[in-house]
Amino acid sequence: MIEMKNVYKSFGKNNGRVEALRGVNLSIADGEMVSIMGKSGSGKSTLLNIIGGMMSFDSGEYIYDGKSIDYKNHKKLVELRRNDIGVVVQYFALAEDLNVYNNVALPLKYKGYSGRKVKKLVMEVLEELGISDKVKAYPNELSGGQKQRVAIARAIVKQPKLILADEPTGALDAATGEEVQRIFKKLNDSGKTVIIVTHDEKVASICDRIIHIKDGVVDNEV
Amino acid sequence: MKIAGKRIPKGNALVFISFAAISLCLIMVISLSRQEKINNIIRKGLFTGHEKWFEISECEDESCWDRILTGLTEKHDDFALYVDLPDPEISVRGIYVSGEVVIPPMISGKYFDETSSGSSKPTVVLGKEYESNIISRDGKKYYDYHETQCEVIGIMGTQKDSRINHMIVMDFKNALNFTGINTDYTYDVKDKEDLADVGQYINESFQGMGQLFMSQNSYSGATTFVSFLFSEEVIMDTVYIMMLISFVVSTVLVTFIWLRNRETLFKSWDLCGFRFLEKVNEIAKRYYIISFGGFIFGLIIILCLGNNMDAVNVSVIDVIQSFAFTIGIGTTILVCSLIRRLFSKI
Ligand SMILES: Nc1ncnc2c1ncn2[C@@H]1O[C@H](COP(=O)(O)OP(=O)(O)OP(=O)(O)O)[C@@H](O)[C@H]1O
Ligand SMILES: [Mg+2]
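Protein chains in written order, with this note's numbering: chain A, 1 to 222; chain R, 1001 to 1346.
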C-alpha cells in the first residue's frame, strides 16, 4: 500500500538547514499495523506527515496505492488527506471553537452528505470510542484521554483506508493509554492499515512490525 | 464566554466591538470632515477666502469683457470672476469660471463650468429655496428672473438651511445685462499665488478704457513654508489622515488577533483536507458576520446620534468610504494570509 524510495526532507536554508530525512526506504502492506520508533528528533513525525500528505518532500518517490504521489502538487495532497487518510497528530489539534460533535463532523462537512447521515456517522464513532456523552463539550473541558479519543474519532469518521497516529498515548496515563491502544488494534482488526509513531514499548508490542528510525534513515540493524 | 450553551470564540467579541467603534468613529470623522469643507465654502460665501474686489467706472465698451476673459482664460487656469446683482431680496451673482475654483454642494444637476458660464444663453444654478419656482417647458427647466427666462442647469444647497439655499448664480453675460459694465466685481483664484497675476492682467486690460479701482487688502506676499504648514487646511488634512491611518492600523491588528485565535481551526481544516474555497467560505462566514455586524451596529448608533445632533450629518458616501476602510482592509488581509498559507509548505 505504501512504498517510499530514497525520500529526502530538509527544513530551513543554509546554516539553519536541518536534514530531517536522509533517504528513507520502506514499504507497508495493506492491512498491516506498524509502529515507527526512534529517538526524539530522529524524523518520525516528519515521516508520518509525509505519509499523510501533510508535508511535501525534497526528493525521492512516495507510492501510495500503486500511484506515485506528486508531492509538489498541493491540490493532490489535499485530496489524499480528504479522502483516504485519517491523521491523529501529536498534540490532537482539535479546533477550540468547535464542540466535540462539530470537531468530529468536520471531515464530513464538504462531502455532500445529508445532515442525518453525518449525525449517524458521527454518533457511531463517538459511541464506539465511548465519548458519546461529551458531544456538546468543548475541547478545553475534556481530559487528555478524552481529547485523544475525539481526535481519533475525527480521524476515522470518514472511514479512511489508512490511519496515522503520532504519539497517541504519549500524553495519557497507563490505563487510558491501554484503552487507546485497544482502539487502534480494533481498527486494524476491521481491516484498516494503521501506522503509529510511539515511544511506548507496549504499543509497539501489539503491532505486526516495528520500523526503527535513526538520524533520518530506517535503521535495519535492530 | 458562552451564550445559550454555544461558545463565542475568542477574538469575536474583540472584532465586533472594534468594528463597531471604528466604524462609528470613522463615519463620524469622514462625515464631519466633508461637512467642514462644505461649511467653509458656505461661510466664505462661495469664495475661497483670498478673493479680491474691484470696481470699474467710466467704461463705455460694453463688450470688452469678452475679449479680456478670452485672453485671461488662455493665460490662467482655475480663476473665477463674479459680479453681484443689485437685488434687494435675493442674493444673485454672475459668474465666469475657468477651470475649477469653488464648487458648492449640489443637490442635482451641475454647477457652472467654462462653457456654461461663458455662453450667451441665460442660465442659472438655483439655491434649493427657489426650486418651487421652476417652470418646466420642452423637457427643460426654467426660472424667470425679472422677465428673463433662464435655463436651470443645477440646484445647489444643503439639507439644513444655509446661505447658499437662498442664493442664485447666473452666467456672467446675463448678469451684466442687469448691472451694466460699470459696477463692482470680485475675482477669485484657486491658487493663492495666481492672485496678483490675474489682478495685474485685469488692471492692464482696462488701461485707457475706463477707471479701475482695485482693493489693496486681502492677500499680501508669498506664503512661507511654516505658515503653510500651520495653515488651517493643512492641519485639518493632517489630522484627518492621521485618524484614517490609526483606524486602518487597528483594523489590521484586530484582524491579525482574530486570525491568531483561529490557529487550531486552520490546523483542523488542513488535517481534514479542506480545499481552498472551502476555507475561504468558512472564514468568510465567521469573519464577515461578525465584522459586518459590528459595522452595522456602529452605523445604527451614528444614525441615532445624527438625528439628535446638528453637527453629525451622515451621507451614503461617508458610509461607503468607511466601509472600504474597515471591512475592505480586513478582507484584503484575510485573503492575503490565506493565499500565503496555500502556497507555503504545509
Ligand atoms: N517545521 C520544522 N522546521 C524546522 N525544522 C524542523 C521542523 N519540523 C521538524 N524539524 C526538525 O526535523 C528533525 C526531525 O523532527 P521530527 O519532528 O520529525 O522528530 P521526531 O522524531 O518526531 O521527534 P519527537 O519524538 O520529539 O516528536 C528535528 O531535528 C527537528 O528539529
Ligand atoms: Mg514527533
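Do not rely on the hints blindly, as some may be mistaken.
Simulated crosslink set (DSS-like; lysine-lysine; CA at most 25 angstroms straight-line) [to be verified]:
#, chain 1, residue 1, chain 2, residue 2
1, A, LYS136, R, LYS1267
2, A, LYS134, R, LYS1110
3, A, LYS5, R, LYS1279
4, A, LYS109, R, LYS1010
5, A, LYS75, R, LYS1267
6, A, LYS136, R, LYS1173
7, A, LYS76, R, LYS1267
8, A, LYS119, R, LYS1279
9, R, LYS1279, A, LYS117
10, A, LYS136, R, LYS1037
11, R, LYS1010, A, LYS75
12, R, LYS1285, A, LYS119
13, R, LYS1267, A, LYS119
14, R, LYS1010, A, LYS111
15, R, LYS1279, A, LYS136
16, A, LYS158, R, LYS1267
17, R, LYS1173, A, LYS109
These aren't lab readings, by the way, just hints derived from the structure by calculation.
Against the structure, the hints come out as follows:
no.: 1; hint: A/LYS136 / R/LYS1267; verdict: holds, 21 angstroms
no.: 2; hint: A/LYS134 / R/LYS1110; verdict: violated, 68 angstroms
no.: 3; hint: A/LYS5 / R/LYS1279; verdict: violated, 33 angstroms
no.: 4; hint: A/LYS109 / R/LYS1010; verdict: holds, 23 angstroms
no.: 5; hint: A/LYS75 / R/LYS1267; verdict: holds, 16 angstroms
no.: 6; hint: A/LYS136 / R/LYS1173; verdict: violated, 81 angstroms
no.: 7; hint: A/LYS76 / R/LYS1267; verdict: holds, 18 angstroms
no.: 8; hint: A/LYS119 / R/LYS1279; verdict: holds, 22 angstroms
no.: 9; hint: R/LYS1279 / A/LYS117; verdict: holds, 23 angstroms
no.: 10; hint: A/LYS136 / R/LYS1037; verdict: violated, 56 angstroms
no.: 11; hint: R/LYS1010 / A/LYS75; verdict: violated, 31 angstroms
no.: 12; hint: R/LYS1285 / A/LYS119; verdict: holds, 22 angstroms
no.: 13; hint: R/LYS1267 / A/LYS119; verdict: holds, 23 angstroms
no.: 14; hint: R/LYS1010 / A/LYS111; verdict: violated, 28 angstroms
no.: 15; hint: R/LYS1279 / A/LYS136; verdict: holds, 24 angstroms
no.: 16; hint: A/LYS158 / R/LYS1267; verdict: holds, 18 angstroms
no.: 17; hint: R/LYS1173 / A/LYS109; verdict: violated, 74 angstroms
The earlier numbered hints that this structure contradicts are 2, 3, 6, 10, 11, 14, 17.
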